[in-house]
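Listed in order, the protein sequences are those of chains A and B.
The letter at position 2 of the first sequence is residue 8 when you use this note's numbering, and the numbering goes up by one with no holes.
The letter at position 182 of the second sequence is residue 710 when you use this note's numbering, and the numbering goes up by one with no holes.
Hints in this document: simulated from the structure, not taken from any laboratory.
Please read these numbers as outputs of a predicted model, since none were measured by experiment.
Even glycine gets a Cβ: it sits at the ideal position worked out from N, Cα and C.
Some hints here could point you the wrong way.
Unchecked claim - Cβ-Cβ distance ranges computed for the label pairs, FRET-style:
#1 Leu-746/B - Asn-30/A: 26 to 32 angstroms
#2 Asn-30/A - Ser-687/B: 27 to 33 angstroms
#3 Ala-672/B - Asn-30/A: 49 to 55 angstroms
Said to hold, decoys possible - Simulated coverage check for chain B against chain A, where a stretch passes if three residues somewhere in it have a Cβ under 8 angstroms from a Cβ of chain A:
#4 592-603
#5 609-623
#6 626-638
#7 714-722
#8 761-771
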Amino acid sequence: MSVLDRPALEHDVTLVELVDRVLNKGVVLSGDIMLSVAGVDLVYVGLRVLLTSVSALEEHR
Amino acid sequence: MIESPAATAWYVYGIVAAGAAAHDEVRLIEQGGLAAVAREVPLAEFGEDSLPQRLNDREWLEASVLAHEGVLQAFVETGVVPLRFGAIYRDAREVERMLEARSAFFHSALSRLGGHVEIGVKGWLVAPGPPPRRAEATAAGGRAYLERRRDELAAARASADRVVDAVRNVHRQLFAVAVDGVVNRPQPKELTDRSDEMVLNAAYLVPVGDRTLVQTVLRVAAESAEAGIELEVTGPWPPYNFVPDDEEPDE
Numbered sequence: 007m008s009v010l011d012r013p014a015l016e017h018d019v020t021l022v023e024l025v026d027r028v029l030n031k032g033v034v035l036s037g038d039i040m041l042s043v044a045g046v047d048l049v050y051v052g053l054r055v056l057l058t059s060v061s062a063l064e065e066h067r
Numbered sequence: 529m530i531e532s533p534a535a536t537a538w539y540v541y542g543i544v545a546a547g548a549a550a551h552d553e554v555r556l557i558e559q560g561g562l563a564a565v566a567r568e569v570p571l572a573e574f575g576e577d578s579l580p581q582r583l584n585d586r587e588w589l590e591a592s593v594l595a596h597e598g599v600l601q602a603f604v605e606t607g608v609v610p611l612r613f614g615a616i617y618r619d620a621r622e623v624e625r626m627l628e629a630r631s632a633f634f635h636s637a638l639s640r641l642g643g644h645v646e647i648g649v650k651g652w653l654v655a656p657g658p659p660p661r662r663a664e665a666t667a668a669g670g671r672a673y674l675e676r677r678r679d680e681l682a683a684a685r686a687s688a689d690r691v692v693d694a695v696r697n698v699h700r701q702l703f704a705v706a707v708d709g710v711v712n713r714p715q716p717k718e719l720t721d722r723s724d725e726m727v728l729n730a731a732y733l734v735p736v737g738d739r740t741l742v743q744t745v746l747r748v749a750a751e752s753a754e755a756g757i758e759l760e761v762t763g764p765w766p767p768y769n770f771v772p773d774d775e776e777p778d779e
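Kindly produce the complete structure, drawing on both the sequences and the hints.
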């Protein structure tokens, strides 16, 4: 099985837990990143996507 | 810039010590005793023009975030300094130059984080005190109403104080047995999939294989349950919460 396909953790972890770490934590290198995502607030984008999905789920109830 | 569909760039997930065992999907780009865990990615997905839109595509974001975490998990026991999502370089030579410029920074980060993992601990308020009864104000009972209302507010304040004390106590005991610890803002209810309120969102750095923290969680869980707080443990994670601050090149 490909390491990119397999679930990252064996137990149940919500996506927000992952997003919280992968998009909000970790080293940010300044200066020489070729394709910076400057101007795009990753935290905001990530959370907005999640909020959208939450409201979409509720609409379908 | 015109991007042909075949054009690629290098996405860097994290930094490990040179000589670490690679796996199929990633390449280790080595320089000066360090190695960047990298993957060649299509610019059509990760280019400046497409990335902002992709970030709003929930399925794409979910898959990419999982992939990032999945790659780092493979290096978690040998030691990895996680980079934040979206560190993308034009070619391998640029990645080498970055490792060269940040050499001291990454060597020091690796010596601190290597052999350590992050354990997440969340506290959920599962048993809030009973909601204050709605007191009816009547012409005859105005004074009684005000007194009852005052007592209810005092009780609510005391109950909130108990929760804060219990959360502080949990963190104090876990921090005491961890190498390091951070308390993040609790996630709002709209983002978690629980109806309970999150009252603790912490992460602790512990040596790989060390069970002391988890054993301590089990011990303090009994105490915190009395205050209506349920503890939840996640991980082990790569040490996302413990990377050193953003910095400039060494030179």
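Structure-based check of all given hints:
no.: 1; hint: Leu-746/B - Asn-30/A: 26 to 32 angstroms; result: holds, 28 angstroms
no.: 2; hint: Asn-30/A - Ser-687/B: 27 to 33 angstroms; result: holds, 31 angstroms
no.: 3; hint: Ala-672/B - Asn-30/A: 49 to 55 angstroms; result: holds, 51 angstroms
no.: 4; hint: 592-603; result: holds (count 9)
no.: 5; hint: 609-623; result: holds (count 11)
no.: 6; hint: 626-638; result: holds (count 4)
no.: 7; hint: 714-722; result: holds (count 5)
no.: 8; hint: 761-771; result: holds (count 6)
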